[in-house]
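So the chains spell out like this:
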Amino acid sequence: MLLAVPVFFACSLAASAADLSVTSDTLFQFLERDTPKGNDQQVAPIYDYLSVDYQDTENGGFSLHAYGWARADMAGSDYFSDDPDGELAYAYIQYAKPYSPWQIRLGRQHIFAGVTDDSVDGLSVVTGWRSLVSVSAFGGVPAAFDTDNGTNGDVLAGGRLAIGNEAVFLLGLSAQYLTDDSQEIDNKAGVDTTIALGNVGDIHGLSSYNYDSNRWQEHRYEAYVRMGPVVLKPLVHHFRYNDYFGERGQRDSVFGYLNGTDETLTLFGADGNWSPAGWVTMGLRYRRYAYRIRNDGANYYALLGRAVSDNDREIGFEAGRMDGATDETAYTLSRIYGHLPNPLGLDPKTVLTADFQWVRYDQPIFDQDHAYTGSMSAGRSFFHEMVLVKATGVYSRNPYYDQDVRMLITLRIVY
Amino acid sequence: MKATIIPAIAFAAVFALVALCRAGSTRENLPLRHPEEAPGRPMCTDCHNDYDSEAFRYSLFDHTLTFGDDHRFAARNNTPVCQMCHRPAFCADCHGIRTGLKPSLRDHGNVKRRTPHRGDYLTRHRIDGRIDPTTCFRCHGSPRSARQCAQCHR
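Chains A and B, in that order, are what the protein sequence lines are.
Letter by letter, the first sequence follows residues 1 to 415 in the working numbering.
Letter by letter, the second sequence follows residues 416 to 569 in the working numbering.
Everything labelled a hint here was simulated from the structure, so no lab data went into it.
You may find that some hints are simply not true.
[As the list claims (entries may be wrong)] Capping the alpha-carbon separation at 30 Å, the derived lysine-lysine pairs in DSBU-like fashion look like this:
(1) B:527 with A:349
(2) B:527 with A:37
(3) B:517 with B:527
(4) A:349 with B:517
No experiment lies behind these values; they were computed from the predicted model shown.
Make the full structure from the sequences, and use the hints.
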């Protein structure tokens, strides 16, 4: 990284005019929580989310992208004592040209490639040759693992080779090698595919093979079918817990117990979208969860909808039912929201929004059988949208909090 | 496993040759930015519907009602398509090592965005996590991203 910064600036000086965009979101939050100091303590964290993009989007070439956040508690509470006060999400230099298969990145970045969905401090290269082959490769130090023992023996590397073209048929082969403190913890290979079904739709799938345990860990296949105003997305997923959670699951205390249960989860269902007119869309969702050992599958059903006007006004809703085998795993959910720019035609730079969600639990939790959360928000932009001020009040009543009031204020400045 | 993979590769090679004859390259068809702003949540196939000439299956990117939940295949292998409209920070609001605030609070007031953990998810995750823990693991499956979970799940 030390070398990368001067190289970037040298290259950028030689490049044609690029756009520098710096966005700072400063977010003030006020709430009350039980902390080590006592109950109902004032907590007032201030967050700053800063993103920097320096790129010539027309001609491409070298560009810089960075994003991270930091937090300080103005009330001085101990509420965040177990939680680090910041994170660098990504910071990388990229080389990419329009209409070119090449993309090279150096720095902290998130990798999506076949079986890999992880952050790395390192190098990634993507290229291809016409419609026949595309190749990606990456390597470096995994960014999402603790570095208490240094980074010696921490490696995340892998790549993907794809043959074919999505317009007809594509087969991808990918692999990942991950070690933490020299222990191999998440080594896997995978096959992904896209099969085009002419003008009707397509089928996509990914199967991942855990080559620490030498067994398949995940199969995930989905289809997309469009028939005029109707879009259907059937899916089937299958997971083997021992292999899916694997050694990686043992690295934290949350998921480790699932490796060793010999359980499998098969999930199938479909989403349907019907848009009879451009301004209105209705949707249906169904999911079936089935297990090999547990004898308590579950179903989820939902009805969704939204209506949008030409001037970006929108209302939407969702009504869902998670129907587990016992009352302990069953709830009913409903949500309605509204988005109203230019309220009453008074100010086109103002946006009002409202959101209400209600959940009923079949079995009470801490003697409460329901929860609701309501929020109202107002935002206004200034100076040609270079400044945005947004305030939201949230009121929630749920099994964990009798009455939870939260105030959020965001000041966005785009430089 | 070999018995499965060898025929699959042969099958793929035949189709790949057909693909080579039919279309230009994939990334070589993409600008860095979408030439026109696509307001709202676009259905890409409203315009990109000439399946014989398109190098991508833009149907994957149609922003349907549930696109916030099921854009995994679209984004995973074709991130440059996403980046024609979205800056990387847009993705990092949810996909990162740790996001600080849950996405619906980070982008409070944006009720149109189908962000995860909206409302009282503290209670609901007891049920969702029992029914499908693989969904939790996808984002909270590394030591640093699981730190928030570990405050209670010790």
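Do the hints match the structure? See the list:
Annotation: proposed proximity of residue 527 of chain B to residue 349 of chain A holds, straight-line Cα distance about 18 Å (limit 30 Å). Annotation: proposed proximity of residue 527 of chain B to residue 37 of chain A is violated, straight-line Cα distance about 38 Å (limit 30 Å). Annotation: proposed proximity of residue 517 of chain B to residue 527 of chain B holds, straight-line Cα distance about 16 Å (limit 30 Å). Of the pairs offered as hints, the one joining residue 349 of chain A and residue 517 of chain B holds, with about 26 Å between alpha carbons and a cut-off of 30 Å not exceeded.
In terms of the numbered hints stated before, the structure departs from hint 2 and from no other.
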